[in-house]
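Protein chains in written order, with the working numbering: chain X, 1 to 311; chain F, 312 to 622; chain Y, 623 to 933; chain B, 934 to 1244.
In short, the hints are calculated from the structure, not lab data. Even for Gly, the Cβ is constructed at its ideal location relative to N, Cα and C. Be a bit skeptical, because a hint or two may be false.
[Claimed, not checked] What the simulated footprint calls covered on chain B by chain X, stretch by stretch (three residues with Cβ under 8 Å from a Cβ of chain X suffice, anywhere in the stretch; the number is not a length):
| hint | stretch |
| --- | --- |
| 1 | 1016-1024 |
| 2 | 1215-1225 |
[Said to hold, decoys possible] Once the Cα atoms are required to be at most 25 Å apart in a straight line, the calculated PhoX-like pairs of lysine-lysine come out as:
| hint | chain 1 | residue 1 | chain 2 | residue 2 |
| --- | --- | --- | --- | --- |
| 3 | B | Lys-1035 | B | Lys-1052 |
| 4 | X | Lys-119 | F | Lys-430 |
| 5 | B | Lys-1052 | Y | Lys-856 |
| 6 | Y | Lys-741 | Y | Lys-719 |
| 7 | Y | Lys-741 | B | Lys-1052 |
Residue strings, one per chain:
Protein chains: 4
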Amino acid sequence: MPASYAYLGPEGTFTEVALRTLPETATRELVPMVSVPAALDAVRNGEAEAAFVPIENSVEGGITTTLDELVAGAPLMIYREVLLSITFALLVRPGTKMSEIKTVSAHPAAQPQVRNWMKANLPPDVVWESAASNADGARLVQEGRYDAAFAGEFAAARYGLEALETGIHDAENAQTRFVLVGRPARPAAPTGADKTSVVIWQRDDHPGGLRDLLGEFAVRGVNLMLLQSRPTGKGIGNYCFAIDAEGHISDRRVAEALMGLKRICLEVRYLGSYPRADATVKDVRVPQPGTSDAEFVAAADWVARCQDGRF
Amino acid sequence: MPASYAYLGPEGTFTEVALRTLPETATRELVPMVSVPAALDAVRNGEAEAAFVPIENSVEGGITTTLDELVAGAPLMIYREVLLSITFALLVRPGTKMSEIKTVSAHPAAQPQVRNWMKANLPPDVVWESAASNADGARLVQEGRYDAAFAGEFAAARYGLEALETGIHDAENAQTRFVLVGRPARPAAPTGADKTSVVIWQRDDHPGGLRDLLGEFAVRGVNLMLLQSRPTGKGIGNYCFAIDAEGHISDRRVAEALMGLKRICLEVRYLGSYPRADATVKDVRVPQPGTSDAEFVAAADWVARCQDGRF
Amino acid sequence: MPASYAYLGPEGTFTEVALRTLPETATRELVPMVSVPAALDAVRNGEAEAAFVPIENSVEGGITTTLDELVAGAPLMIYREVLLSITFALLVRPGTKMSEIKTVSAHPAAQPQVRNWMKANLPPDVVWESAASNADGARLVQEGRYDAAFAGEFAAARYGLEALETGIHDAENAQTRFVLVGRPARPAAPTGADKTSVVIWQRDDHPGGLRDLLGEFAVRGVNLMLLQSRPTGKGIGNYCFAIDAEGHISDRRVAEALMGLKRICLEVRYLGSYPRADATVKDVRVPQPGTSDAEFVAAADWVARCQDGRF
Amino acid sequence: MPASYAYLGPEGTFTEVALRTLPETATRELVPMVSVPAALDAVRNGEAEAAFVPIENSVEGGITTTLDELVAGAPLMIYREVLLSITFALLVRPGTKMSEIKTVSAHPAAQPQVRNWMKANLPPDVVWESAASNADGARLVQEGRYDAAFAGEFAAARYGLEALETGIHDAENAQTRFVLVGRPARPAAPTGADKTSVVIWQRDDHPGGLRDLLGEFAVRGVNLMLLQSRPTGKGIGNYCFAIDAEGHISDRRVAEALMGLKRICLEVRYLGSYPRADATVKDVRVPQPGTSDAEFVAAADWVARCQDGRF
């Protein structure tokens, strides 16, 4: 029985397309799940080796269900991320003309990306019908319930539809970020272009408190890529912070920054170190002076020699 | 014709209940709108004096639609906030017994608050049916489509239902924060327990960049109450930050911190200063040494005297 | 009766040479005083318009007598600074040859600047005889008490001596900084290349205390040129700090930084803003983004408009 | 041949008294030297095991000769410090009366401590005659050159003088700090009330540069006890900083702070960790939360487990 990857279903969505960009999926069983919690629970209870879920969208922001599932419950770790540009195709039954479209369907999350295009290109009286997923919208067009669906172009073949238009996107650079999540284990080896994710809970609340937490990164020259507050569930005004930092936990500057957080935070949850999907080694900025691994090692060696009186 | 307040409808939801806690609503026409954007647009185009919308929920986090509407488009300002504890009643047609419930309805956002209660109290095979709003769920029970609805207790009378149970809440301290939003004008007078909201865009991205922005508050002893990142729409990795800070823009320490942000940020959008709903003057911490208005005034006076050589 | 400038005497020293570089000395009576306290007291009690004294030496460091006099007692202000390169001439009675020198005299402070030269150029058995000032050493050579004196070349004519060697200096770039000190009055007008001097006393002592004080400058982009601790006289471990910062008190960033110090320090003593002797306008670094006067003014204007609701 | 300690002579000065408070001096030969450089050179070239020299005075500030000798040349380390309260006795030949005193002698450094007492107690026309040391002043009184000398009371017996008055001190709490300096070796074991001395050279000069250096201490909760700038000899405006920090290099927070400095400074010179003379363990403040050794160890362990995926 092959190891399986659970993912946020149904089949035929952007999530599946993003998942299939991972080479190892060729040898895995890919199992669509009804929800993010269901996908992550499959990992937690051992039914799946990993789960693949969206975590962030450049138009809508963080996928709070995913974040909250990672923040609470049994610990999980992120091993990979995938970035997928989100553009839509307008899918119709073969032969349908643009002017004949009276109803159009898609998941509500698609709306911000197609609204302007609709105004410019479809009859003004076209009716929007929300679907449970973009794939589901396409299926309903196949069944004749609606005239057209916004979905990934890849969904056309699956549902016997044709694309009247492709590349539809109101926002330039619209992307969704997906993560492959598993049970805690050794992080992926550093590639030189990595990212480390943690969640932190502040010990107390005072002027400068959050600045001091961020100072643990800044003083070691670690750049932040994301800072996302989430409610702790203890009432308005109580937050934890999901943070993505540049670098890998095996980088000395990152490790020391995490140690600093661990010391001054109420709690820190490590969510993994993994290759960046938005950059390769040659895109990564040179560490600022004094923060390279070599400089950390040299400084530690110097302190050890001072402690021994050999210098 | 009375001035009107638009609010996120329909009638009979928590939003309306929260809105009615504002005394001036007695003399305003209250107009339910189909969406947050619709409510805010009514203010922007002059149809309504103000709009009342949820902005944050202690279980689900920020209401991104509201945040994104405030961040972009014509400037708006927050003049009031209201905190409402969210507990649910289980509403049924009079006479229905707990054991007879086969279907239950509510807005999906209610689910995290009632899930555990359902497991403990309803038959295991009860079916959840999502509704467009909690009020709508109640209406569908009234019409006989479903057996029960989770909604605010106040909805019972409106829909001729009775509450089989009240005070249902999985999470203690579940609250929603609502804001009253209007066109820019002079902020509400300071009460001594105020809050100031801004949105900031970083000029560039470097290690310590965000820490330095927060330092503008910290160095003047201004406490942060909320820091919420939102995508700028320019692709993954590009964020602005919605910030709530303790104090009023007429407090010297807050004004100087805002000036500092204005100078070093790409952009700052002022969203208003208004009374805190979670505190009164006696709950507010004393400013840390050196950050009271009197100390600001004395220091400014001293510098002026130095500039004149009179000291 | 012309206004007089007191200076650290006697005549014929580097101090007098430095003082005479100030154009206005042509119309002032220049009065040598026996000590720095005597010169400054002459200003405090109205006998002199100003006093000219050394404050720092690039080899020996701060002139503590001058610093301590400025830190305590009736307030004084610095209006000008002068930098003088310190190189020595070896002065002898006309006809004396290098090989005939058995004794050499100068103020002890000259020793670090001539020690290596002596080893290389004078007989090894030459005897050093300390003098009360370099001018006094020259006088004693004139009187035949010693064979040679290290002094400024300018002293040769005054004492009828000739210079066997000029430009003697062990340390490259040896300079002394002198200041012209007067009673408090309006500071000199900004030139674009100015310096501001203050003395600060910390309110209390805790980890990060001094860093926070320096943060008042850093957060406004003000560079520090000098930080010199001085004992407060309350026992080992109690210090105040004399600080020179880039810029003029009429620069917004400097004024706001001083206000910040005034608020959080136990005490701040303003010592003046005056033209830099080491730089002209074209040498001065451009203020970092967000810290120019124009940006301060624009930010203050923006906050004022926010306070009024006009934006 | 016993190991010897060199010290700043001559015999009979406060330095010798301070030195003799160290128990091990009972078994050492104590060798007076003519100057601080001579005493330290005796250590550097192996003639002495250690040197005992003044480093700081609560009235006059840092002893720049000592600082500059430690900053430059072959590395040395501080192993002990001694604090000595400085009060003077007025020593005269037996039988001399106060009213008969016409001349009084002492080292110039004594003047700030006796000036007010002189005004109040000696004839107004008394003449001050500077001596090479307080002990030398006493010797000159013994020889009949001067009438009285300010010196430590302990000098009376040595020079056959008697004390007309003891406990003379203008400044309350006047103290001198002395250090015992040796060649680099393993520092003294931590006592729980220790101090660590370093000298740092900044890599470059920019707004916030010095604040960032101090931040390396602050972010780890290490308190600074002394910050003293010294010229580097490269001209006015070029300084290094001698720093005393609370704690021992074997304390994790101190070691990590030193590593941080080593990484971002041009150069760091370690001057030793040694017991504080001004405090015992019970006077030492509790480390701020998150900075104890136990918390450092726990955090390092946690990061190691994260790196291994075991948490």
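Taking the hints in turn, this is what the structure says about them:
{"no.": "1", "hint": "1016-1024", "in the structure": "violated (count 0)"}
{"no.": "2", "hint": "1215-1225", "in the structure": "holds (count 3)"}
{"no.": "3", "hint": "Lys-1035/B - Lys-1052/B", "in the structure": "holds, 13 Å"}
{"no.": "4", "hint": "Lys-119/X - Lys-430/F", "in the structure": "violated, 45 Å"}
{"no.": "5", "hint": "Lys-1052/B - Lys-856/Y", "in the structure": "holds, 22 Å"}
{"no.": "6", "hint": "Lys-741/Y - Lys-719/Y", "in the structure": "holds, 17 Å"}
{"no.": "7", "hint": "Lys-741/Y - Lys-1052/B", "in the structure": "violated, 45 Å"}
Of the numbered hints listed earlier, those contradicted by the structure are 1, 4, 7.
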